[in-house]
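Asker: Starting from the known structure of chain U, fit chain V onto it as the hints suggest.
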Amino acid sequence: MTQEEKSQPVLSARGITKRFPGVVANDGIDFDIRPGEIHAILGENGAGKTTLMNILFGLYQPDEGEIYIHGEKVEFKSPLDAIEHGIGMVHQHRKLVEAHTVLENIVLGHPHAGTILNLRRAEQEVRKLCEEYGFKVDFRAKVWQLSEGEKQMVEILKALYRGAKILILDEPTSALTPVETRLLLDSVQAMAKKDLAIVPFITHKLPIVLEISDRVTVLRKGKVVARLETRHATEKSLAREMVGRDVLFRVERQEVEPGKPVLEVEDLVVQSDKGFLAVEGVSFTIREGEIFGLAGVSGNGQQELVEALAGLRKPVSGRIVLDGVDVTHLPPLERWKTGLGYIPADRIHMGSIGDFTLVENVLLNYYFDQEYNRGGILDYRKARQMTEQLIEEFNVATPGPDVLGRNLSGGNLQKVILARVLSRRPRLVIADLPSQGLDVGATEFVRNKLVEAKVNGAAVLLISEDLDEILDISDWVAPIYEGRFMGIVPAAEAEREKIGVMMAGYNAEGVAQ
Amino acid sequence: MKIGKNEFKLEKRTSLSGWQATSIAVLAVLMTLFLFGFIFLQAGISPGMAYREIFSYAFANKHGLPLTLNRFIFLLFTTYAFILPARAGLWNIGMTGQMYAGALSAFAVLYAFGAQQSKSLELSAGLVIPLMVLASMLGGLVIGAIAGYFKGKFDTNEIVLTMMLNFILFWLVSFMIKEGGLFMNPGGRGESFELPPSVYAPLIGGVPFTGLVAVLIGFALEFLFDRTQLGYQIKAFGKSPRAARYAGIDTFKIPFMVFLLGGAIAGLAGYHYFAAVPGVYKIARNYGQFGDLAFYGIICGLISQSNPLASMPVALLFGGLSIGGRFVQGKLHMAFGVDYALLGVLMITLVAFQFFYRYRIVRVSLDEEDGHA
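So the protein lines, in turn, are chains U and V.
The numbering of the first sequence is the numbering used here, which starts it at 4 and goes up by one.
The numbering of the second sequence is the numbering used here, which starts it at 12 and goes up by one.
Here chain U stands alone, though its shape is the one from the complex (with noise of 0.2 Å):
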């Protein structure tokens, strides 16, 4: 208590409680937030981290409990509200203008605009502060051709040009390669020296709380389960507060002999939507029982890659063999057949139908299946049995079978896909950004169900953003940068930080290419 009386708190939130039809998002949360303090707030999906942070920004109204800034109390009737007061959002999704260069975004509804801009002040203005953090942006690039890294950096420019004394990072550093997080964590660090106050929402980065943050509060259910000072926490303490129960953090590795080849690749090109070429020759061989990792930040080919091997994007050259078969003109269904089993990245627009229930959704990889499909009659009684069966083995959290697709969280649905995926025994399989936004203990499942796919002999191709995923599971890792292989690394030789240089494309001998 006594720090608390040295410093007054910038922010303060007494007993905020939203409740939504059938949950109760935020269940009387109490925090404060200190001049100067990066305040960590931790949870899985789901705790109500989305739900704070959308009041604090003023974006929902809490049903009840009050807000208090330096002391006095405030009502966010809008985000306008918000940032009037000092708070500055920097948003999981970028919302900038791609068109338009650096500066432009930064003055975008800033009031100093107006109605007719003056650029030069406004650049003086923006250099300054870049000067007093430390950040170094182009002005005069156009927002597509920035990193996702410096678009993020533009975006906290944004705010703190609007005056910003309170930053709120939505998971600041899932889109970032390694390199990009070191930067954003050295500026993170710098600002909060100049007394702004951070509150980074994270989810499962927990290296990341620890290393940064002054103060955590963790969430679980809605409620505040802890709240303590980082340095008196370890990654250990902080999951168990998360989750609610122990848990590992190594998924088992497990050594099998690799046997022949499933997927063999040939200098295989592939146009993006855009035009340009986004996969740019590409060979590569998976054998059964070996899981491949590709590595990369999203945009560097990994869909359009993806896409051509599932058969959902025509290639402009190159062959796929798949179990000795070439598929490379096949259509998806011969692909399906002949053993690909496919994970999409997009679970809810893709990997499901929302409006179908879970026998539906697990008819998506059986309905061409001989055992369900009688001359064109399809067997729903199976199919209800198998999803049952399904919900069990992968401990699915649903009422029951007949529950509609998007009626289930993120972890729940992924769990379905996977189950329906693996349940088919493909020869390959394709794991796109499997634990994307699912939590830890979803996470680990997921993980652990590809190390046992590839076990019982299937060949594996894990597409993630996540190094330590791709570390810890893969046997070969590959960097992508801008559709081409940085290398192909084993694991036993794959280091965290060479990896992370070739993601930015960089060979193994560090050459920029």
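If you're looking for bench data, these hints aren't it; they were derived computationally from the structure.
Treat the hints with care, as some may be off.
To be verified - Quick look at which bits of chain U chain V covers, simulated, 3 or more residues with Cβ under 8 Å:
1. 328-336
2. 345-356
3. 370-379
Stated by the list, open to error - If you want the ones that stay clear, here's a sample from chain U, every Cβ over 12 Å from chain V, calculated:
4. 139
5. 218
6. 274
7. 301
8. 359
9. 511
Yeah, the Cβ is synthetic: ideal placement off N, Cα and C, and Gly gets one too.
Answerer: Okay, now just chain V, sitting in the frame of chain U:
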């Protein structure tokens, strides 16, 4: 909104059972009758009497009931033509054109047998009637397939395409039956030649056999959507084309198939009205009115939430109201077209009531609110 000690709020529905959907539709019908009552009042007619006349003529009169049933059958075919693509997330606005194509194809069979020359021609019913039915389906199928092909292959807008085909077919009918057309009535009169009595469609209890066909198709469609692989693929494509593509569902075949099948069923509507309804037996000069009526298949499909079985009572109601409305207009000497006005109000009300498919009104007692505020 506050009324007394209660506050009423709108809440988004998370699910809608068939029973709830039905009660909403019934409420909408009652609301229509209530609203339209004011129109009768304004014309100086007692609404109660008018409705008694409408319903008793449409559903309990030996002259009215067959008319109602024939409209019901016609509407049912065009409703199915809407429902099939609708389940795949696609809009068929072309049931009118597909229906015309069906009528023309059926008459083409007659023409081939020389029926244009003589009304008293003795044709083998067992041969010619099945041929006419098949031809009408084929005609509708071809027109539907055009839309389906372009949708599946080039992702063109199916609404625009089917709509435009309607105009083409409308004028094609005109070209065929008016002066100088192949199907012209020997006596002129701007209509087609008449069906020889030898190939009048057989009646079952006074109703053309097409009624039985329509009901059977309803059950067949229900089975298609509920049990079959094709139905599953149609539904998956309709709910999420991306997920369907991911799962290997053929994104050409599905749009193509639903328009092809929908068109074939719409073609049957053409056979039914112009070659099976007693007292018509020709493509009449006012064929355009039946084209307009065919559009009500869209409304019936929307109201029944694309459920083929639910569309039966809906189509029956629409058929009955249009016949009863027509009758009451003549009987009571009303100055406007009661049939289409009534259908119009019904349509607007039903569409407005669709709101309740997505939202419901919940009552919050203010006393409770005070309790914890």
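Asker: Determine for every hint whether it applies to the structure shown.
Answerer: Checked hints:
1. A count of 3 residues in the stretch 328-336 of chain U with a Cβ less than 8 Å from any Cβ of chain V is obtained; the coverage claim is therefore met, three being the minimum.
2. Requiring three or more residues with a Cβ within less than 8 Å of a Cβ of chain V, the coverage given for the stretch 345-356 of chain U holds, as 8 such residues are present.
3. Counting residues of the stretch 370-379 of chain U whose CB lies closer than 8 Å to any CB of chain V gives 4, so the stated coverage by that chain holds, three being the minimum.
4. Taking the minimum C-beta to C-beta distance to chain V, about 40 Å, the non-interface status of residue 139(U) holds against the 12 Å cut.
5. For residue 218(U), the condition that its CB be more than 12 Å from all CB atoms of chain V holds, with the nearest at approximately 31 Å.
6. Once the 12 Å rule is applied to beta carbons, residue 274(U) is consistent with being away from chain V; the minimum gap is 18 Å.
7. Chain V leaves residue 301(U) outside its interface by the beta-carbon criterion, the shortest separation being 18 Å against a cut-off of 12 Å.
8. Its closest Cβ contact with chain V, about 6 Å, brings residue 359(U) to no more than 12 Å, contrary to its assignment away from the interface.
9. For residue 511(U), the shortest C-beta to C-beta distance to chain V comes to about 35 Å, beyond the 12 Å cut-off, and the non-interface label holds.
Hint compliance for this structure: hint 8 is the single one not met.
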